[in-house]
Amino acid sequence: MVDVKSFKRALPVPTPETQHFWDGCKRGDLLLQRCKDTGKYYFPPRPFSPFTGSDNVEVVKASGRGRLYSYVINQRPPKGYEAPYGICVVELEEGPRMMTNVDCDQTPEALVLDMPLEVFFQPQAESDIHLPLFRPVRK
Amino acid sequence: MTYKRGSVAVVGASETTELGKVPSMSQLQLHANAALAAMRECGLKPADIDGIATAVETPVELAMYLGITPTWVDGTSVGGCSFMIHVRHAAAAIAAGLCNTALVTHGESGRSNIGRKSRSGGPGTLNGQFEEPYGPFGPPTMFTIPVLRYMKTYNLPIEQIANIAVVQREWAAKNPRATFQDPINVDDVLNSRMIAYPFRLLMCCLVTDGGGALILTAADRAKDFPTKPVYIRGMGESVETPMISQMQDFTSSRAFKVSGKKAFDTAGISHGDVDHLMIYDAFAHLPIYGLEDLGFVKPGEAGAWYWARNSAPGGKLPINTNGGGLSYMHSGMYGMYALQESVRQMRGTAPAQVKGAKLSVCHGVGGMFAASGTIVFTNQPS
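Heads up: the protein sequence lines correspond to chains A and B, in order.
Counting with this note's numbering, you get residues 34 to 172 for the letters of the first sequence.
Counting with this note's numbering, you get residues 647 to 1028 for the letters of the second sequence.
Since the hints were made in silico from the structure, they are not lab data.
Glycine included, each C-beta is placed from N, C-alpha and C at the ideal position.
Some hints here could point you the wrong way.
[Unchecked claim] Simulated restraints, written as ranges between beta carbons of each label pair: (1) B:759 to A:100: 32 to 42 Å; (2) B:833 to A:140: 19 to 29 Å; (3) B:866 to A:88: 45 to 55 Å; (4) B:801 to A:81: 34 to 44 Å; (5) B:805 to A:71: 37 to 47 Å; (6) A:112 to B:689: 44 to 54 Å; (7) B:653 to A:87: 38 to 48 Å; (8) B:847 to A:96: 52 to 62 Å; (9) B:847 to A:88: 47 to 57 Å.
Sequences and hints are given; from them, build the entire structure.
Structure follows, in structure tokens:
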């Protein structure tokens, strides 16, 4: 069975605008940003509000919970990945969506739209990166 | 300044002499092969061209390679609809007097991979940081991500997505240049190899080599050319996001809606005026999103509309009459071939000609729902 935690992934290189997000992941916090003028959350990170253009924004810790919004199950893996695996989009409780992999069976039967998910952070070998992945919320 | 409807026309249009597998040409030469063919058919030489637009390759490379000294250039490179956007920009540039005769070229060695430029970003880009780590691998694993959400929202059965490929194959069967011409049925599509659930091989576009070029000039000059002029009546463009995960609405493309509305509004047409429609089909769900976002049907209705054979040969609105990216050809940036088919239909020279067609809408997508461009063509002078 494919284990999405075993992949040797294409790893991100943080930039000045995203460094806080990746630092948060290392501490076990999923960080979003919030526009203080509109109250709306946003992702991916940037030092200004995409709703107003203002820098009146704050970094906030997300609950880490969300639901499975959509996905495909890839059958043709790039180097370092093992198929089949779901390339998933989670909709966070705060509103923003992000791409992820979900740690469960990589089948349509296991990957059910709208099922509740929670974040966890997986340290990546030979790297400083802790990557946010999701798993089904245990009942 | 407002663009005057029909004030710019296509006077030259050609695809490469060969399509499909063309290992004898580099990507740059595919551009040139099509450009020279378009010039030949309207009696022009490179020295007569003073505007150039292209994507992936730069207008600098094309100007040098073809021997053109332009006074207007456009290197908009936002994926497969770049060429719709080039047509829009060229029409505006000609109307504004920035150039007189504009050439738009496309070439792509999508299959043979000869002299092909890399289009990938790096690990510090937004895609590199927030999508690439999760293993997307090419368009079949990204363009398709919103579809399960659409299917759940509107209760769309997979058979209705498969049906798009079936109907387009019927059009391809009428086109001697189409890569795939043999008939298929819904079972064939649903039994083809799984690529990225729920997408199977026959729901995905071809991967081929080819190119195409268009030459535009002011409509009042068009009568000096041997070709039947095809007028630009209206046009639109927009972009949304390079990250499929950040698309606002997984059941609808914002770029499609903005570009389509602008094109219809500037053309001053309603949906009932459209005789022929091209909707860029890199994957079988795109004609569903396109038909709805252009406003031909309500959200959630397109799958059943296609199932009722409305776009099929003999149907009320012929769509993707060359066979589309699913059966005709798809080099990677298919928009140019959709434009070529609209021009053929307006000239009356398409292999599957729609009799008496006077108005053709050509709607393109770029990236994975990243961008859009829409052109309204007509063969009727304003």
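Checked hints:
no. : hint                       : result
1   : B:759 to A:100: 32 to 42 Å : 40 Å, holds
2   : B:833 to A:140: 19 to 29 Å : 23 Å, holds
3   : B:866 to A:88: 45 to 55 Å  : 51 Å, holds
4   : B:801 to A:81: 34 to 44 Å  : 40 Å, holds
5   : B:805 to A:71: 37 to 47 Å  : 42 Å, holds
6   : A:112 to B:689: 44 to 54 Å : 51 Å, holds
7   : B:653 to A:87: 38 to 48 Å  : 42 Å, holds
8   : B:847 to A:96: 52 to 62 Å  : 40 Å, violated
9   : B:847 to A:88: 47 to 57 Å  : 48 Å, holds
In summary, the structure is inconsistent with hint 8 from the numbered list given earlier, while agreeing with all the others.
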